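S.K.: Line order of the protein sequences matches chains L and C. Under our numbering, think of the first position of the first sequence as 1, with each following residue one higher. Under our numbering, think of the first position of the second sequence as 1001, with each following residue one higher.
Treat the hints as calculated values from the structure; they're not laboratory data. It is possible that some hints are incorrect.
[Said to hold, decoys possible] Where chain L lies over chain C, by a calculated footprint (3+ residues, C-beta under 8 Å): (1) 1011-1020; (2) 1207-1215.
[Said to hold, decoys possible] Here are the computed lysine-lysine pairs in the DSS-like style, where the Cα-Cα straight-line distance is at most 25 Å: (3) C:LYS1171 to L:LYS9; (4) L:LYS277 to L:LYS179; (5) L:LYS195 to L:LYS179; (6) C:LYS1091 to C:LYS1171; (7) C:LYS1091 to L:LYS9.
[As the list claims (entries may be wrong)] Here are a few chain C residues that sit away from chain L, every Cβ distance over 10 Å (derived from the structure): (8) GLY1035; (9) ASP1054; (10) ASN1055; (11) GLY1127; (12) ALA1151; (13) PRO1181.
Being a predicted model, the structure only gives us computed values, none of them experimental. Just so you know, even glycine gets a beta-carbon here, dropped at the ideal spot from N, CA and C.
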Amino acid sequence: MMASIQPRKVPYFLTGPGVIFFAALLGAPMVMTLLLSLHSYDFNTGIQPDWTLANYVEVLGDSYFQKIFGRTFGLALLVTVICVLIGVPEAYVLSRLSSRWRSVFLLVVLGPLLISVVVRTLGWALFFGGNGVLTMTAQALGFGDEPVSLMFTFTGMTIALVHVLVPFMVISVWASLQKIDPQSEDAGLSLGASKMTVLRRITLPQAMPGILSGSIIVFALTASAFATPAIIGGRRMKVVATAAYDEYLSTLNWPLGATIAILLLLANIGIIVSYNKLIERRFAKVFE
Amino acid sequence: MQNLGPAARIFHALFVIFILAPLIMVIAVSFTDKGYLSLPTDGLSLRWFRAILDNPDFIDAFWMSVWLAVISASVAVLISVPAALAIARHKFPGRDVISAFLLSPLMIPHLVLGVAFLQFYSTIGLGGSFYGLAAAHVILITPYALRLALASATGLSTDAENAALTLGASKFTVFRRITLPLILPGVAGGWLLSFITSFDELTMSVFVASPATQTLPVRMYHHITQTIDPLIASISTVLIVLTFLVMLILDRFYGLDKIFVGKG
Chain L
1 MMASIQPRKV PYFLTGPGVI FFAALLGAPM VMTLLLSLHS YDFNTGIQPD WTLANYVEVL
61 GDSYFQKIFG RTFGLALLVT VICVLIGVPE AYVLSRLSSR WRSVFLLVVL GPLLISVVVR
121 TLGWALFFGG NGVLTMTAQA LGFGDEPVSL MFTFTGMTIA LVHVLVPFMV ISVWASLQKI
181 DPQSEDAGLS LGASKMTVLR RITLPQAMPG ILSGSIIVFA LTASAFATPA IIGGRRMKVV
241 ATAAYDEYLS TLNWPLGATI AILLLLANIG IIVSYNKLIE RRFAKVFE
Chain C
1001 MQNLGPAARI FHALFVIFIL APLIMVIAVS FTDKGYLSLP TDGLSLRWFR AILDNPDFID
1061 AFWMSVWLAV ISASVAVLIS VPAALAIARH KFPGRDVISA FLLSPLMIPH LVLGVAFLQF
1121 YSTIGLGGSF YGLAAAHVIL ITPYALRLAL ASATGLSTDA ENAALTLGAS KFTVFRRITL
1181 PLILPGVAGG WLLSFITSFD ELTMSVFVAS PATQTLPVRM YHHITQTIDP LIASISTVLI
1241 VLTFLVMLIL DRFYGLDKIF VGKG
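This is chain L alone, in the form it adopts within the complex:
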């Protein structure tokens, strides 16, 4: 069938459909968004034909946007740290379970990744709401009759995002624990090291690539998360993604929204690339 095609060209014919599709439907929209962010906007006449960096100056200079970017960065950092603190031990526990229990609990821990994030966030909204379980518990324990609500709070967003993203940390650390040669741990034990020392000196360093790549995934996904901050944080606790959403669909200032989106993309790529460089350099040996 492909006898008429030179063998040298075959790979280009095979990848061609995907590349053309992506160039037209990914390349073009991304370039257009970049160009849009370079136009100014007037509330009466709409998008102006000029070329300017004014939007970037506004987003980076305005204290309103600085606060939103700062909050998003702080949220991403906090969620990442908590995911490390609870995800790494959980991955270790999973690796120690007998194979039957392990497959059950892998399903429990990883399964939620397949369930819509709207559904998972709804569960926390039910906990956090003013007439939710939190209030009932507080009243039962005698903390007064005031409704306790974590809706529209930073704490609420943090808890829900940790829940949504911690499976990525577990799976990432789990994958690197799988690669550890159990003999290296046995060697440490037989040479008289305590279990704690083996964990600290042998297991943890070898799990480090997994912890780092898990951290980068969690950080990047938190920084750009939309659904959970939109439902739990609402208008009162805006993050970068919900701020861009409002610029596009409420304020209708598309150029400013595009600017926020481009900055989010640049920050995302910058963090991923620099992190990868760091990991490659520091852990080149572990990855081989």
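Go by the hints and put chain C onto chain L.
M.R.: Then chain C, alone, in the frame of chain L:
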């Protein structure tokens, strides 16, 4: 559990409770017999599941999501399989660039894709169309299909194919009878993972979908931002059960850990 101390067991139990708590909460609330948000303390009721049937817009949105996911997962697989074969089995100039390009949506926040498609489609006059939404989903999920296809195509031996070619089979027959069956598990897993990713996608779709092409997550999101009621809990419970069934299939055939390593 022979190697675990009591502290580790308690931690593990708390972790599992943390993971399951919101899901159990959703399921519990959906069985309430009250007309408002509450736990079913006086008895279980299916009234909120019957209420789903009285809300055809949610059912329409469900089918919209199913069709969208079927079409976009299928197109993503059609794009990915030949590309994966080329990338895994040929060395050619530009290979790494092409591979990175086709995987690049993994690095772009869904929000950014959403605003980019919103502007692009309204400029070229495809705003709010089903095909526009489907094309956007194809871009989003192709990396997942490609990665699983790549995993099964890499390291595939060419012996059987060469034998068939020598015996006079045409290239197409070789692909259909030998190559495709060999990579089929990866292709099917990629399709299923793409299907779920498309079905669950909210952030990008919220920008691209019009009222006529509202997917279920978008419909649910708009409902939740207005009001949280037992109806949305019962719809979520149905989704949890359906997802659980798909999950069992994926786990049975591929292992969930293999599918998720490096996702994100």
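S.K.: C:GLY1035 clear of chain L by more than 10 Å, beta carbon to beta carbon?
M.R.: About 14 Å separates C:GLY1035 from the closest Cβ of chain L, which puts it past 10 Å; holds.
S.K.: Verify that the Cβ of C:ALA1151 lies farther than 10 Å from every Cβ atom of chain L, and report whether the claim holds or is violated.
M.R.: The claim holds: C:ALA1151 sits with its nearest Cβ about 14 Å from chain L, beyond 10 Å.
S.K.: Given the hinted pair C:LYS1091 and L:LYS9, is their alpha-carbon gap at most 25 Å?
M.R.: 11 Å, holds
S.K.: Regarding the assertion that C:GLY1127 does not contact chain L, is the least Cβ-Cβ distance greater than 10 Å?
M.R.: 12 Å, holds
S.K.: Verify the proposed pairing of C:LYS1171 with L:LYS9, using a straight-line Cα cut of 25 Å.
M.R.: 16 Å, holds
S.K.: Quick check: do three or more residues in the stretch 1011-1020 of chain C have a beta carbon closer than 8 Å to a beta carbon of chain L?
M.R.: holds (count 7)
S.K.: Between the alpha carbons of L:LYS277 and L:LYS179, is the straight-line distance 25 Å or under?
M.R.: The given pair, whose Cα atoms are some 21 Å apart, holds under the 25 Å limit.
S.K.: Are the Cα atoms of L:LYS195 and L:LYS179 separated by 25 Å or less?
M.R.: 19 Å, holds
S.K.: So is C:PRO1181 really clear of chain L, every C-beta pair being over 10 Å apart?
M.R.: Holds: least Cβ distance 18 Å, greater than 10 Å.
S.K.: Does the claim that C:ASP1054 lies outside the interface with chain L hold up, using a Cβ gap greater than 10 Å?
M.R.: Non-interface label stands for C:ASP1054: nearest chain L Cβ at 20 Å, farther than 10 Å.
S.K.: Say whether it holds or is violated: C:ASN1055 keeps its Cβ farther than 10 Å from all Cβ of chain L.
M.R.: 16 Å, holds
S.K.: C:LYS1091 and C:LYS1171: Cα distance at most 25 Å?
M.R.: Holds: C:LYS1091 and C:LYS1171 sit about 20 Å apart, inside 25 Å.
Checked against the numbered hints given earlier, this structure breaks only hint 2.
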